[in-house]
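There are 2 protein chains.
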Amino acid sequence: MTNCILCKEDLKPEEGQLIWRGDDCRVILVNDPDLPGFCRVIWNRHVSEMTDLSHGERDHLMTLVFAVEEAIRHVMHPDKINIAALGNMVPHIHWHVIPRFKDDAFFPGSAWSIKTQETPAISLEARRKKVQELPTAIRVAIAELA
Amino acid sequence: MTNCILCKEDLKPEEGQLIWRGDDCRVILVNDPDLPGFCRVIWNRHVSEMTDLSHGERDHLMTLVFAVEEAIRHVMHPDKINIAALGNMVPHIHWHVIPRFKDDAFFPGSAWSIKTQETPAISLEARRKKVQELPTAIRVAIAELA
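Residue numbers (this note's numbering), protein chains in the order written: chain L, 1 to 146; chain F, 147 to 292.
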């Protein structure tokens, strides 16, 4: 769709980084100052809902989402993983895969809830450093699916 | 786990209604005053993350989640479906499957965001009436999977 930002596949460097792109999906490392390691798995074609996809397509997408979850857990050791497909603002299927920590800005709320705290700078810095390992870890996790 | 509310499987009538229970999962119709049709698909056993499940278990759970999505779309005709597995407060796998409407209390934010508006009473009433068809629609959708 011409007015859909996820159809355009434009990604400004300040928004994030394309980590992997396949025929059907792509994986973005989101540049979120409060939640390092936040990734997004996007279906390339414009489709609104998971149940608009065929069963095979759903499986393929969820397999990628869980590969990203696996890589995030391996690299970041979060206290919890959050996974969500919302799309109220951009109704083009995309999954948020977010490592959550007990001291992160929104914990224990959702990543879309009110900020509850400031993460200690030293923790944030350590996580941002760890995130540098994430693109390779995700690519390896996806390669191992084949 | 003894202190996990989702392990206990207690459900007060004011919290919601058990719609379906299988060996591995159960489906709850949540009693949310602002979001009629809000459902929860809960893994019965205490497990924190999707990637703690085997591949077969993940597939089984997601198939149920999408069956619930299908039934919700069929009955409620929402503007968008939101699906999320968060679990920051209760780290026991449960999926929220939420029909969203442009005039609902949180749109276009997440169901965990700040309220943006009051839904017109007449719309809420119509949706609450529709929800009465949902338990049967979900049971049928799940039965058709077998």
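Among the hints, a few may not be true.
Unchecked claim - The calculated DSS-like cross-link candidates involving lysine-lysine, where the alpha carbons are at most 30 Å apart (straight line), are: (1) L:K8 / F:K248; (2) L:K12 / F:K248; (3) F:K261 / L:K102.
As the list claims (entries may be wrong) - In silico contact screen, one side only, chain L against chain F (beta carbon under 7 Å); selected entries: (4) C4; (5) I5; (6) N82; (7) A85; (8) L86; (9) V90; (10) S110.
No lab work stands behind these hints, which were simulated from the structure alone.
Here a beta-carbon is modelled for each residue, glycine too, at the ideal position from N, C-alpha and C.
*Against the earlier hints, flag every one the structure doesn't satisfy and list their numbers going up.*
4, 5, 9
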